[in-house]
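Going down the list, the sequences are from chains A and B. When the letters of the first sequence are read in order and numbered with numbering that gives the first Met the number 0, they come out as residues 0 to 895. When the letters of the second sequence are read in order and numbered with numbering that gives the first Met the number 0, they come out as residues 0 to 529.
Since the hints were made in silico from the structure, they are not lab data. It cannot be assumed that every hint is accurate.
What the hints assert, rightly or not - Here are the simulated DSS-like pairs of lysine-lysine, each with C-alpha atoms no more than 27 Å apart in a straight line:
| no. | chain 1 | residue 1 | chain 2 | residue 2 |
| --- | --- | --- | --- | --- |
| 1 | B | Lys13 | A | Lys78 |
| 2 | A | Lys78 | B | Lys19 |
| 3 | B | Lys449 | B | Lys331 |
| 4 | A | Lys122 | B | Lys13 |
| 5 | A | Lys124 | B | Lys13 |
| 6 | B | Lys89 | A | Lys678 |
| 7 | A | Lys337 | B | Lys116 |
As the list claims (entries may be wrong) - Residues on chain A that point at chain B, a partial pick, calculated with CB under 7 Å:
| no. | residue |
| --- | --- |
| 8 | Asn6 |
| 9 | Pro11 |
| 10 | Arg46 |
| 11 | Pro55 |
| 12 | Asn66 |
| 13 | Gly79 |
| 14 | Cys98 |
| 15 | Asn340 |
Beta carbons are placed, not taken as given, at the ideal position from N, Cα and C, and that holds for glycine.
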Amino acid sequence: MSKNLVNLCVNPCKMCMPMGIVSAFYGLKNCMTILHGSQGCSTYIRRHMATHYNEPVDIASSSLTENGTVFGGENNLIKGLENMIELYNPEVIGIATTCLAETIGEDVPRIINNFNIIHPGNKVKFIPVVSMGYSETQYEGFFMALRAIVENVDMVPEKNNKVNIITGMISPADTRYLKRLLDSMKVEYILLPDISENLDGQHKESYNRLPEGGTSLEELSLMGGAKLTIELTTFTKEHNSPAQYLYAAYGVPFVRCSLPVGLRDTDALISVLEHAGGTKPEEIMKERGRYMDAMIDSHKYNAEGRAVIFGEPDFVYSAVRLCAENGIMPVITATGAKCGNLKERLEEEVQGVADFLHIDKFLILEACDFDTIEKYAVEYGANIMIGSSDGRRIEEKLRLPLVRCAFPIHDQVGGQRVRMLGYDGSLELLDRITNSLLIRKEHSFRGEMHDRYYKEEAGDTSVDLDKISSLKEVAGLRNKADIILANKKKTETHPCFNGCGSEYARMHLPIAPKCNIQCNYCVRKYDCPNESRPGVTTEVLSPEQACEKYKRVKEGLPNLKVVGIAGPGDSLADFESTRKTLSLIKREDPEVTFCLSTNGLLLPLYADELAELGVSHVTVTMNAVNTTIGAKIYKHVDYMGHRYFGEVGAAILMANQLSGIKRSTSLGLICKVNIVMLKGINEYHIPVVVEKAKELGCEITNIMQLIPVAGSEFENIPLVSNREIMGMRKQCGSILKQMYHCRQCRADAIGTLDNDQSINFRGCTGCNDIEETDRAEEKTFLFAVSSKSGILVDQHFGHASDFYIYEYKNKVIRFKERRSVSKYCDGAEGCDGMGGMNKEGKMEAILETVKDCNGVLAMRIGEAPKQKLKEKAIETFTTYDRIENAVRVAAEKLCV
Amino acid sequence: MNVRNIVLDKYSAKVYKNRKEHIIEVNEETRQQPIAANTRSVPGIMTNRGCCYAGCKGVVLGPLKDVLVLTHGPIGCGFYSWGTRRNKAKPEDGRNFIEYCFSTDLQESDIVFGGEKKLRQAIKEAVEIFNPKCIMICSTCPVGLIGDDIHAVASDTEREYGISCMAFSCEGYKGVSQSGGHHIANNTLIRKVIGTGDAEPTKRFTINMLGEYNIGGDGWEVERLLKRIGYEIITVFTGDGSYETMKNAHMANLNIVQCHRSINYIAEMMKTKYGVDWIKVNFIGLEAIIQSLRDMATYFGDNELTERTEAVILDELANIAEEKEYYYSKLKGKTAALYVGGSRSHHYQNLLADFGVKTVLAGYEFAHRDDYEGREVIPTIKEDADSKNIEHLEVKKDERKFHAYLTEEQYEELKTKIPLEQYCGMIRTMEDNSVVVDDLNHFETEEFIKLLKPDMFFSGIKDKYVLQKSGVYSKQLHSYDYSGPYAGFLGAINFARDLTMGLYTPAWGLVIPPWKNKSTLKAKLAGGEK
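Chain B extracted, bound-state conformation (with noise of 0.2 Å):
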């Protein structure tokens, strides 16, 4: 019996038929099966997943500096959201907004009478103390029920304060992970921001960054590297990112889309309304980092730039190889799970691929079944009540501002070089026998452990203290743990030291996995080797 199933069979017969279509054990034949994802989670069995709220707020508004984000309901909701996700952003004058927690604190008697007089109040207030040039307005879940018209107040607030103002309807109860909320405000800053600013390039290759929230300074290191090799980033979404900025993003000759699930829709409609492609990249794990390079050099095909991206690469390679090989020795032949967010669950694989680490199971929080699939499932993806409660946003090509790099057939002979709108998700990429989850539960990691004993478990918060206490050495890759970055050559060698570092410390040695006494298998002490 594989490990699949004897999980599952610890189920009741219906959660079994929910869970059993979310769970797969990867092989020649499941490659092809559809995955079940991004549907409601089961009630009371623990999820990890959030709200469309967090997806929102916390996810793409938050990581903006520049922008003073409002949250339009009780205290819990700012609160929880103030500064959990470890974005970092160096402000350009002097204030960083990401550093506050907005909330209009919504009382009983706002929730009976209405909230929006106190919301136009908290507004008049936000504009007093703090003059910012644009305003984002979040609601949470009984924002939606007692019916305050967010757009209204946004629309009045432009009017009266000369200021951008927007709403976003991203009420918790909305999808069924944080997922809604990314889509809410992708249509939203497509709509309001992006096209709106006329700041001339003033290089050659110009990108945006998409789907890079600068988690532990991730995003500074991949900027380097750009940079180094010589392209001009005009806007990021949205880590150090800037409302000021991405008013110009539609000025970029490509897009390079890091986290898939979060800003996809971004990318997609940009190409659409202003002809500017998009290319699926990966900056964590140096053969992916490679690759994507090359990728983008491919795309401008310029010789000179080519060369330069080879420069640098060699030069970066040569810079850590010392590093590498240490840790390679260290790590070879560890094994690994991973259980993140929309992309890093598989971005991640590459880097412990990197230093010899297997991964033996891989799943997503909230992701959807391109991310697992590739998108070429995407037409074949049925719509459910959940889903069509999402806002989709058919987006029209802006005559004016519409500028493509490419002719039609540079577009066709390149597509087949490079992921031009491509992803192929994380499941054709994983080894046989490997497990692959969906939307994993409390009660299922326990499990897992126990049968698949990885030696390593990237994590959340929510999973870092049950996986330590079963004695299983975990990472949080949600917020690194206080470290980072991991993105770009020299995160790597940052991400391999902290692994040997944690694997090997002497505190491991001294506590006893649960395990070690029952299994017949004979187990491995994580990182008590002699």
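Next up, chain A with everything else stripped away, as it sits in the complex (with noise of 0.2 Å):
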């Protein structure tokens, strides 16, 4: 698993403390706030707020220029003040520095006193508040300045009856709300902060530019003295809680309460209220029961639920609590503060509900940002996000769909009234994620439950398909439908499109060795045996030969249901061969399913053909949709008899496959693309090809790896890792069917995916053997052999579990051991080649195991244990043989 890139931010998932800090005094009666340091700080905060409130947010600013940041700000604070006096005539200013003026030491409190020797009558309250921007975030920015607030103001020691509320940032709504609850169970409160009407104003006959909505000064004078506190926060540390400090300097006692979300948390709420002498009235009561009633209404849908979930730590407790206690799933819980505890309070809840669901896994991220969040929605299945509509970005992306319920909503009206608290405002949020995962799969289920089940009956239905032979009876006979229907039959039974098909085998016929176009990823040279890649075979056949090829590998192989024309070069550039191939084999067998890659340059003219010829299957490997990455991809293209380069020639190709494939899906072939990314080339144009293919009918991508072959003009481009991979996979996934088990497999491969025969049938039809030298001197080596059968080099070095350790020793091959280590490599995550920092200790492991060996053999091998093999002289070779062929070559090369 990957770790949050702790230097880079990618799309933050919080914001600054100046941005707490004016949020919490709008809940201040006749108070202004002004921000110390550059006016852009006051200019960007404004503008996010009024965006998210709808309402006009004033916040003033010193003005600070570059002479400030030389001679100090006092004279630009001390003007600030003096004109919003002047202007506004507030009762109270909150006064916030700026990374700025903390960089610059500036001292507030003495600005303030020096303010006051200036103008002795001054009655306005100035409130300073530490605040920079490189510290914490927004979150512990509200509650500083609450604690700065009850620091600041003067205090009525004196004891009276009141309760003093204190919360985080809530909703105008939502606080209206606390207020009719506190009200409607008669209890006597000072709430602090009051945001309901500064942040969520009417259409009156005269605008007020000064905020008179809020706590007073004088009702604030009474926090010290009431008789309780009740903080709603659950995270809040003790240095910026205001009731620590009302309970250190008044004797306040307090209470701390979660936000009242969810029947839990509002059932405590409302029993400490309770307690503190207030009533239950009925009303409450009957929202309760309503609340209960809905959570037993939707249950079932919300069971379907895999939340995401982020924001700011005590939005995000909530939420998720809110979301256990109806069924659902928070697969990935994040927030860009740091809060130390969040995984402890969250994990049992969210546990909880994973187990009821088997579900195994899932996330709770501190300090992480919405790059991340992408990424693990991708692949732990989220299908509903909650949150702020900074999440807008992965919901297009990914059409994940948003519940937008916290701070900021930019992109759409009502921010200032989302409702969360209580009973009701817990019915209302409720009700908003269940539609919006109804909505979604309203619009899905059909689609999913045909793949899902109308495929498989399909089958059984339609025995009589079985039996049908060729395409062309068919066509006579029967519609389209039915010609599809027949070749989605055959996909059950082909590995490469039904997914994992590992008992089917398939046997690739190297008879097309001519190649019409050059990618810049190839090098035509047909009879390397020692490489693994499409392209690549040892020997070629002719039609006859590939015939009794065929024959033979039917006898060895009865579960050989696919025959594939996989070039080495292009299937089509040399279509008599392919044509003759498969008549032969067709009047062999009858049932065979044929398949066929091409790059598609003749598809337009053989689509046709190839249907009648029986060809069910087509897979056309298409890099590019764009003739300007095409360029880079294509060197030429040979085209009725002309050769043509760069954009010309790529056109010319692009406009021959988007026919081609187009024929071909009309005339009922199950095509399938095959993508080669490109790093720097096309690895963001993929998912427009994706879509491309989707548009014209096709089945699946099979989006590859790029196989650096030596001389190629891309032998040194750099290698995408398989993670990279799987994300575009995951990405493509949710426009087109992604092929996640390609093994990209050589052209005259045989048997199936996972095992692959073909050198039992090698040099069967008379080709050549290689020879043997005799070069080798008298010398010893000691070889780890990378082999999943034991008697083949066919297996990735990455996914050794242990190693075969070979001696070569007078020309004598010996088998000395068997040597484990524990995997290096794990499937999902795979091999990047980048050798991650995770790695490190599995990979000092392998190497351990392998210290005492000349060489490594493996079927493939990563680029950076390449190196790290390397630098302990221990060489590598790549190749696909019998253990002992491979083991003669390699000592004989080490001989050399």
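Join the two chains, each given in its own frame, into one complex according to the hints.
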């Protein structure tokens, strides 16, 4: 699992401290704030708040300039305060510093002192807050401001009968609800802060620029004498807690509750209020009953919810608890803040849901950005997001519905009226979440049901289709739907198309050596037996030989279902051979599935004939649908007797690919598109290609890694990691079905995807064997072989759980032992070829295992392990061969 | 007493002295007077201005689609400038950096011990994950104070990763507004980007669009028009712009300048360095568009081009004629106030006039005197402590790449016909008794609404709700309230439609503007006519 990036924040899931501070001051009556620093801070924050609340937001600035950074900003701040008082006549002014003021070390209390010396009659209450953008987040800033307020207001310590209610950042509408609740319970209270009017004003006859709502200084002064403080926050630290201060300074006892969201936390607050002398009115109990009724009404739909919940710690905590009690699984819980015990507080809660839904993984992330959230949202199968509108980019990209219920909401109206507090607020939020799930379901369930059930059913009820030998006959008798059905039926036994049809075997017949385009990642050298990648083969067969080979293989492998033509060149560039081969084999075995892969250049020409020949599956390698990008991938294209270069060549190729695929799918052929992911070339263009493939009616796309080939144009371009490949596949998975199991087979591969047996059938039609040489001198070498079967070098280095150790001595090869190592790579994450940090340890273990060897033999190996081995003077050999052969070849190379 | 004095009288003596220089009531006499602009805002009076970083990162660099713009600083600055300007961009290769916000998210310990190390690491991660062709580092307030050498990091990055990387010291406290940031961005683009490419143009008449940020798709509508006539646009600074095309900017024959304030430095420097002429254009408002297109054709002096220009103008006009007439009938006689950045307040007066709307107040947020009074006053603008802090870059002629389209005689002759290197400023085109206000603030906005009673007020989000609460139709001209494009012929109709929609919505008829019951003057209900 990759870690959060620590140095680069990509799409932040947090804001700065001053944002929280000015929001809190908006809950005071006749209060204004000034930010001591550059004017950009005020301007940005005003913009951000006004867009959310749809209200005027006025935050002054001391407008520090370069001058101020040198000589201090005292003059500016004093001037600013004077002007605010003159123009707005406020009772309270909150003065928050910024990055700039803190970095140059401004002493605001001293400046306030000097102000009062110049203006001895000053009646305005100044409340300074130390605040810097490079420390913590808006969440902490909000409580720091509240703490500063209770510290600075002159308190009347005489006891009174009031209860202090302190809240975090809740919406104006929720604040109004809270006040109604307290009134209805007949609790006398002082609310800090009260943003209910100031950030959700009315349209009145006259507009007053000074915030008239909110808690007044007079009310605040009674907080010191209150009988109890109830602080509605879960994670606020002690030094930022107003309740702690009131307790320490005035002995006001306090209780801390979580925000009253969901049944349990609302119950808890109401019970605390009862203890504080409140009465429980019937109306509240009705609300409670209605919420419970709603929980039951929607529980069936909720169980399908896999939520990503992000935002401030208190919000996230409450939203998770609401989801949990309704059976919605929070697969990812994320906050941009660091609060230490979020994980601890939530783990049990989330685990509970996970257990009953049989979900084995979930994540709780702190100090995290949206880039990280996005990555995991895909991996953890989320289907809904809950948080602020900052998640809208993920919403759009991954088509995940986003329930906007936290600050800021910038792309919709009504941010100031979002409800989630109390029984009826919880009900409102729950309804929104459930409805988002339902909308999603409504839009997708037909397709999903069809894919899941109908396809199989079709297979069962159309047994007669199995008997159909040729599509040509079918074409005469049945309509196109039937042809598609027949081809889809064949898909079930096609190992490359059916996802994981490991029990069915396929064989690739290398009959077409010619190619009509030059890709920059390919070298046309089809006689290299030491590589395993598309376009590579040991022998090229004539149509007659191919048919012979087919018969032999079919005898040996009764589960052989598919015959593929995969080159080693392009199967259509030499269509005569392809046509003949297909006709011969079809005569031999009418039920075989024919599959063909091509670059698509000549597909429009031959698509009809292919359908007639009974080809049911076509794979087109299409790396781009944009000529600029295409020109970077294809060196030249030979078409109709001419050679075309650059964008012209690419344009011809692409036009033919598109029309070819379209023709093929309209003939009922099942089409797959292969895309080689090329870093820096088409990596960001792939989703466009996949979209196009979908539009043309393809069934599936296969995004593949580039295997660098020595001597090719792209020999040295950086490799794409497995993780990037998987990421791209997942991303494109939302567009079209993806092939996750590609083995990038050789052009003469035989067997099931996991077990290549071509070696057993090699040379059977009289082609050259590998010549033995006698160059090996009398030397002793030790080789570590990565092998699944113990017979062949047939495993990726990274997949080896143990190594076969072979000794080569005086040309004699001897098996010595089998050494176990814990696996170095682990499937899904894959061997990313980069040697990720967390794999360092495992790598060491492997190096320890093979340290006395001279060479390592594997089917493939990542670049990083290769380097590591090289540093230890261990040579690497990648091959696919019998172990003995491979060891001999390797030893000979070492001797040279 | 005129409205100017009524408003100023409410200020304390000190503020009065400062603000009176920034406000002009236009008449024969005041048209000749200088206006105070580009000076420090008064602290505490709710200026709408932003900071240097906002001008550099937010305005000029932000719209570049193939550049990874990395904010070096605390999280706030990067976060608040993330996708807030509604620039549109269509990426060629499927990836679009303007959707992202990249920040080094500095922490307290970085401020104490220096943030350079973190910046280097962040760049390393950025290269590994995003593999960009170009990285631009923008610094924020604390970075300048703790002395991180971002320029050294940039050159190390170029060496180490073989990509282009440049640093912008656009700390928020520099200068007096966004304007300083524009200048800093301009300097570095001319120094490090323009002139480094060599892609040959394919057409005869080649131009760059300067100061077009493609808000709400404005740039695309203009591009459509220009392509229709037959121009090749080499690059755009910087709406839907890219590092890749900016490199070839010096290959163009002519620069057309839309937003004079934010980009005139590049226009000037390209003239000196590469010989590329520039003219001021305006694609907002029908008359203005037609004039601009004709000026361009005059510059190239080609008969066929001129004919095509006229043909396109006729066709575009015919296409909108009917709608134009309808909206004119709905909007005629209304009054407007404008308070926008550095050019729009001028440009939109043309568009409003097309529909019979009179401008009663206009002001710029961060303009300089030349934007108000015309470029002739530039030599008379006094440098102050703040403007000295922004580097003035002197460029020299690039002998190898220098190419002038016109001969000297042609140039001198054309200068009398089209605005070659000229901009007349806003005040000269405004009617008598209208008011010009520089750096308008919250208080003045309210006062002027009461006195001038405009039917509509064009401003930004910070004023929007003040205006609406006061009963005045408001339109954001920074972001267009999710609408646009407003440029070009089709854009003009979009604009008129939005205004008509806004003014005549039933909601305005049901709410009562505050002065309705108080004013002794006969007040008009905005859009409330029966």
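Tell me, in ascending order, the numbers of any earlier hints that this structure violates.
15
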